[in-house]
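Trainee: Add chain B to chain A, keeping to what the hints say.
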Amino acid sequence: MTDTLDEPIYKTDALIAEDIDQYLEVHQHKTMLRFITCGSVDDGKSTLIGRLLYDSKMIFEDQLAALEADSKRVGTQGQEIDFALLVDGLAAEREQGITIDVAYRFFATEKRKFIVADTPGHEQYTRNMVTGASTADLAVILIDARKGVLTQTRRHSYLAHLIGIRNIVLAINKMDLVDYDQAVYDGIVKDYTDFAHSIGIKAFTAMPISGFKGDNITGPSANTPWYKGPALIEHLETVEVDQVSDQLKPFRMAVQWVNRPNLDFRGFSGQIATGTVRKGDAIRVLPSGKTSTVSRIVTLDSDLDEAVAGQSVTLCFTDEVDCSRGDVIAASDNPPQAADQFEATIVWMADEEMLPGRPYWLKIGTQTVTATIQQPKYQVNVNTMEHLAAKTLELNAIGVANLSTDRQIVFEPYETNRTSPNKVLGGFILIDKITNATVAAGMLHFSLRRAQNVHWQATDVTREFHAGLKNQKPAVLWFTGLSGAGKSTIANLVEKKLARMNRHTFLLDGDNVRHGLNKDLGFTDADRVENIRRVGEVAKLMTDAGLIVITAFISPFRAEREMVRQMMQPGEFIEVHIDTPLADAEARDVKGLYRKARSGELKNFTGIDSPYEAPEDPEIRIDTTAMTAEEAAEAIIARLIP
Amino acid sequence: MIDSKRLTHLERLEAESIHILREVVAEAEKPVMLYSVGKDSAVMLHLARKAFYPSPPPFPLLHVDTTWKFRAMYELRDRMARESGMELLVYQNPEAQERGINPFDHGPLHTDMWKTEGLKQALNLYGFDAAFGGARRDEEKSRAKERIFSFRTASHGWDPKNQRPELWNLYNARKNKGESIRVFPISNWTELDIWQYIHLNDVPIVPLYFAEERPTVERDGMLLMVDDERFPLKPGEEPVMRSIRFRTLGCYPLTGAVESEAKTLPEVIQETLLTTTSERQGRAIDKDAGGAGMEKKKQEGYF
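For the record, the sequence lines run as chains A and B.
FYI, the UniProt record's numbering numbers position 249 of the first sequence as 249, with every residue one higher than the one before it.
FYI, the UniProt record's numbering numbers position 287 of the second sequence as 287, with every residue one higher than the one before it.
Hints were generated in silico from the structure; no laboratory data involved.
Quick caveat, the model's predicted, so the values are computed rather than measured.
Be aware that one or more of the hints could be misleading.
To be verified - Dumping the calculated EDC-like pairs for lysine to aspartate or glutamate here, alpha-carbon to alpha-carbon at most 16 Å:
hint : chain 1 : residue 1 : chain 2 : residue 2
1    : B       : LYS50     : A       : ASP301
2    : B       : LYS50     : A       : ASP303
3    : B       : LYS5      : A       : GLU240
4    : A       : LYS228    : A       : ASP186
5    : B       : LYS263    : A       : ASP21
6    : B       : LYS5      : A       : GLU306
7    : A       : LYS497    : A       : GLU634
8    : B       : LYS161    : A       : ASP351
Unchecked claim - Which stretches of chain A does chain B cover? Using the computed rule of at least three CB atoms under 8 Å from a CB of chain B, they are:
hint : region
9    : 19–29
10   : 187–201
11   : 256–265
12   : 307–319
13   : 426–438
Glycine included, every Cβ here is placed at the ideal spot set by N, Cα and C.
Isolated chain A, as found in the complex:
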């Protein structure tokens, strides 16, 4: 055996033997982390997992004896223990020496219980990795230190990012085979950083390890004194799980089952998707929109005062509200929307290719409806991330397409970029109506409205030609912020400066557009959404014409700004948050609107009785308390034209 197989440091046998009650008390308060491991065939995935099981003493003597015997018989490590044999379960795989499906493994430390999805590295098994990743809080991407960043590494990273995993660990494995050379490690980290940024991965944690020898798995390795970061287990024990950010979102629960034991009790059972619910909370049932108040949160043990995302509960209401399986119970003042046409990313998982126009079952949350998919807008080459034209999607293909459902479904954008994904109301599966096989997984981007069936007329003078004539790169500078923040003032300055630089621009101003194009719209949430959608479409046409478009709208909702972002070519949407404290904007009150809103004369006013959802990660943020309008305009132009 190797010299690093010391007693694992993260399990306290002493406490078990000395004071089992104390031990149980500690372990009742453990949290849970689910993660996936992905790597190429020979990156040492199974070995790493075997090592984690071994080090956390999840392997018993009889299993170890069998493992030693198996290692000698069919192992690939000579006389040494082949940890991979612990993990590679099915007989067919053991013969081939590879893992072919998703396998789940379990181990625990003092602080956490871990569920590991072991997912295969071959290209044809994209579906397995997406499956394993869908329930994971974190991804461990393995790289063989001798080989560096490979096509497979890029593919795994892309898929992990696509499914919305925000915690990525880059485990540079087999460091023992490159003599623990820091230069090798640094080179790989640099290569990966460049790639990760190019696909939108904002952060990752890299570490040099050896699954075979045990370096930097449970604690710092003497072989890598130059590495100051955490060991793998240490990181896994402390990283924040998605469940925490899920709780901060508005309350949503998909109704699974109506509990009606007798005429005196009527409860609605489900697992809370996001947010928190308390006794006395005002709720809204969707899609009907009926409202009521939570009277009880029922469990077998006792009624609860509050329940949070992740818990399975039964809710009772104060009124007899019509509510059944498939409905969504949501916070009354912040409900999700319902729609029947969407743009979505689709991962095809069946041998039989996707048929545009064919009806499939679509299951999302607890809703099952019939859906048809249009011809894909494009397919993604998972190795290069290039967008390719596609008429259909084949097994393991990933593409973007519009789809329509036969009735409205309650949904939320899956949103992988900004926060933890809205899995329950944004993720769906497609089921073949004949075979009942699960043929695809998908993630909703946003809803489409009307007129989506008008087909495109191809034009000969392309958008590239328009832009070329003007000798500029089209863009949308999308200003968002409270009323009175200074959007129009700064936008006007930006346009003047760009005009002086001979740039072709157009300023779409909120108030002006509402005098013409959008004069039929009011200020309800639905009308605000439509207002932004129309402005987005106009801005898109203008970028097609080669213009730099500047828009100045409150645009209070993240989802609509995201919708507009998605309409534009990648990189052309630049979100500019004009960030002013509400108190400052209200103090200025240039148009006297805040006063009217406070007095109740003006309804649905952003910041007062209608929410403003600030951008979480805008391209540009202007702090109006720290700079003048002139300085702000300069800063924006510097970002647009570096």
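Mentor: For chain B alone, kept in the frame of chain A given last:
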């Protein structure tokens, strides 16, 4: 920022299991819970009571009986059915009954006839289209790859290479006539999770899990309990009183005991944590076909 409440691992596991139980009840036509009376079944039953409270779980319990279970198991089985307000169905394969199949004389045929065949017959007889089972993925290698909703053909076969992908918490319960699904609500629980949950929730379990002086004989390296007069003693064998308990419960002639002094749940957990052999070691079934024993049995229709 609101101070968020971090659910513990057991709270998350419980919520997931309850979600699964409710999905099946909402989508299947005629579900049933396979109840083996062991500790995993005990937890699964407790979770079902939680999932549907204040209603009783809206499906029956099915015990596929081999007639060779420990007496204490039959006692707890009947008591739990009464307490949960659920219908109890007991099925014994009439052919095995008629041929007098027993674990002493018939070896692997005993499991095949009573359990594998018995289960298929019972599911066909009642027309159940979804059956809950208490299997866990940490038990055995082929289980680690099985889905939570495990699809079975009309002849109850399992094809490990053609499993439905399972994403997020979306389960596809659709099937054609004659086909069925086996559902494993506690797939993601480990043996320790089960014990901790029993401890925290006072879940009733068979007393055989706790150490007590019991009559035993040692045979082929296994410590067997002489549970009733049907146990044929070999020449020279004499039951010896030993303080023993069981880590897993099956047919008494096939289930090995361990010598133990653990009389309380914390002591049992303590012993479990400090032990150096795996749970299923006491069971003869995994040894039948080398490393792939269970996988082969599952393809044939064993749970």
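Trainee: So, against the hints stated earlier in the document, which numbers end up violated here?
Mentor: The structure breaks only hint 10.
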